[in-house]
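A.B. asks: These are the residues of each chain, in order.
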Amino acid sequence: MGEQNLLDIKNLSVEYKTEDGIVYAVNELNMEIGHKETLGFVGETGAGKTTTAMTIMGLLPTPPGKVTSGEILFDGRDMLKIGDKERRGILGEEISIIFQDPMTSLNPSMKVGDQIVEMIRLHKTISKKDAMEEADRLLEMVGIRRERANDYPHQFSGGMKQRVVIAIALACQPKLIIADEPTTALDVTIQAQVMNLIKGFKEKLGTSMILITHDLGIVAEICDKVAIMYAGQVVEYADVEGIYLNPCHPYTKGLFNSIPKLDTEEEWLEEIHGLPPEPTERIEGCSFSPRCPNCMKICKHKKPGITYIDDRHYVRCFLYENQEVKADE
Amino acid sequence: MSNSNEKLVEVRHLKKYFKVSKGLLHAVDDVSFYINRGETLGLVGESGCGKSTTGRTLIRLLEADGGEVNFHGENILSLDKKQMKKFRENVQMVFQDPYSCLNPRLSVFDLIAEPLTNMEEYRRDKKKLDARVRELMDVAGLSRRLINVYPHELDGGRRQRVGIARALSVNPEFIVLDEPVSALDVCIQAQIINLLKRLQQELNLTYLFISHDLSVVKHISNRIGVMYLGKIVELSDYQTIFASPRHPYTKALLSAIPIPKVGIDRDQIILSGDVPSPVNLPGGCRFAGRCPYVTERCRQEEPKLEHVGGNQFVACHLAEENK
Chain A
1 MGEQNLLDIK NLSVEYKTED GIVYAVNELN MEIGHKETLG FVGETGAGKT
51 TTAMTIMGLL PTPPGKVTSG EILFDGRDML KIGDKERRGI LGEEISIIFQ
101 DPMTSLNPSM KVGDQIVEMI RLHKTISKKD AMEEADRLLE MVGIRRERAN
151 DYPHQFSGGM KQRVVIAIAL ACQPKLIIAD EPTTALDVTI QAQVMNLIKG
201 FKEKLGTSMI LITHDLGIVA EICDKVAIMY AGQVVEYADV EGIYLNPCHP
251 YTKGLFNSIP KLDTEEEWLE EIHGLPPEPT ERIEGCSFSP RCPNCMKICK
301 HKKPGITYID DRHYVRCFLY ENQEVKADE
Chain B
330 MSNSNEKLVE VRHLKKYFKV SKGLLHAVDD VSFYINRGET LGLVGESGCG
380 KSTTGRTLIR LLEADGGEVN FHGENILSLD KKQMKKFREN VQMVFQDPYS
430 CLNPRLSVFD LIAEPLTNME EYRRDKKKLD ARVRELMDVA GLSRRLINVY
480 PHELDGGRRQ RVGIARALSV NPEFIVLDEP VSALDVCIQA QIINLLKRLQ
530 QELNLTYLFI SHDLSVVKHI SNRIGVMYLG KIVELSDYQT IFASPRHPYT
580 KALLSAIPIP KVGIDRDQII LSGDVPSPVN LPGGCRFAGR CPYVTERCRQ
630 EEPKLEHVGG NQFVACHLAE ENK
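Sequence lines, in order, name chains A and B.
So that you can map any letter, position 267 of the first sequence is 267 in the working numbering, and since no number is skipped, the others follow by simple counting.
So that you can map any letter, position 320 of the second sequence is 649 in the working numbering, and since no number is skipped, the others follow by simple counting.
What the hints contain is simulated information worked out from the structure, not anything from laboratory work.
The structure displayed is predicted, hence computed values, not measured ones.
All C-beta atoms in this analysis are idealised placements derived from N, C-alpha and C, irrespective of residue type, glycine included.
Among the clues, some could well be false.
As the list claims (entries may be wrong) - Just the calculated beta-carbon pair ranges, DEER-fashion:
#, chain 1, residue 1, chain 2, residue 2, range
1, B, 376, A, 262, 19 to 27 Å
2, A, 204, B, 591, 48 to 56 Å
3, B, 598, A, 253, 28 to 36 Å
4, A, 296, B, 436, 35 to 43 Å
My request is simple: use the sequences and hints to build the entire structure.
C.D. replies: Pasting the structure below:
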């Protein structure tokens, strides 16, 4: 890897202290995003997707949250070590976030135009008039008539609100956008509109993106790389082709099999039996082993390390570790 | 799937309007369909299209403003209170949100026993009640150790299993499932869908399956009705809906689903605009404002749901051309 990555996460662990004990939300997570790359972050509820995103932004509520190890390098700076002032300079200008719920991420008592202007003027020395002009331009870019800058959020539908949120996120042309389930709250036809919009600006502006989602369909449409998360860990990481054409981890396979298919007939869906582990429980061995159909003896008492399938595809599973040994011999 | 040609449920010209400050909200506007015994009819559409209202009006959780619902050939909209009680033993509902549809102060045992205590035989015989609750927990795949647990201690999938056990408790013939898996993760969703299918086969149940997720609906339904703004715009068996949809809205809906595969090339139909408000609708086709093929006739004259061959029904003036 000669080129420097935009974002490098090394060995990140995050835990929450709760009444029921310590929740191990993220465990030794490694991840990287290059320039102009889109990474899909896939996993079930409680897999640690949002916690990771919040930690990158420095928005992790502490306490109860606590980063116990690791570093997050964004453009060469360690996001965990910089001061609040420096972070505030980065957020919004270099990294911005699109939240899941457009109904709650806008200020209900402020005109949408003003909300965009607020973002622009926070980071740029620019006159109010010019900022307004810029806001109108941004609104048009996301497909909203400029006259509507004077409307309040409640006058917009869900899809339109999400467009406004996107306009705010794009206001300072950030290098990285973190989109946390940006279309989950929307209907399918509106989702298609918003995804189309996101695809368009990504191509136009060359922004890198982390797309957090549980929908493997959306990932296939828009992402370059995919990280599959399970119980706070990336269990498989590859480019889209690698994940979709050659899924390796039993959890990834299970995830694909449990989606009802549109193009094939099947009487029964394949289930992954059982439930994800309680976040407070520390499983000795592989965290997926209690549910894994291919569970072996070793999985129950040893944690699998990273095994490379090829140079851009890795998996945390003993099934492949052995194969690699064989290949070496 | 064992389904006969006996029409268990037949809905004719069902209407449900709500008075709102701006006028009349046409939630369900002249909807007709039937469901055969042992069959699953899927009802899909976006938020606010009236699919849930249809389900609720159908079993009189809401009072209809017109039309009739025949169950075993008897119009249930004209039943009195006492007859309704009998009817409710035959018809049950499973709700979308397993977090809010269970009383948080009742244990799993009480929750499942609650519908049973309406029945004389279980009220008198505590032992019988206890045995029935345990049997239902087994049927719904709930471990018996959870019997004294409260809803907040359960995850979404298990709560939905409690909801299903409750619905099954009175041995219904017909169950309305209102987005039963929408709040669940895919893996849990697969478990619940399989459970519902297995129960249908074992108990010869009839389902009305309401969902916004076409791939889920396709997987579980025999026939599918697509709703838009209070109307059914297309109704057909699931193969036909997916292989040769005729209504432009069905086509757009299908093409909007993200497919979890790489390297597929397809032309997506991206609809412009939002679903218009169902209050004080203008005349003509309700989809006209967003339809890419709209003609002058569509704005003037409302298309009726018409038979276009096989068991496919489409409400579109251009259905003949849009093969």
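A.B. asks: Run every hint past the structure and note whether it holds.
C.D. replies: How the hints compare with the structure:
no.: 1; hint: 376(B) with 262(A): 19 to 27 Å; verdict: holds (21 Å)
no.: 2; hint: 204(A) with 591(B): 48 to 56 Å; verdict: violated (23 Å)
no.: 3; hint: 598(B) with 253(A): 28 to 36 Å; verdict: holds (32 Å)
no.: 4; hint: 296(A) with 436(B): 35 to 43 Å; verdict: holds (39 Å)
Of the numbered hints listed earlier, the single one contradicted by the structure is hint 2.
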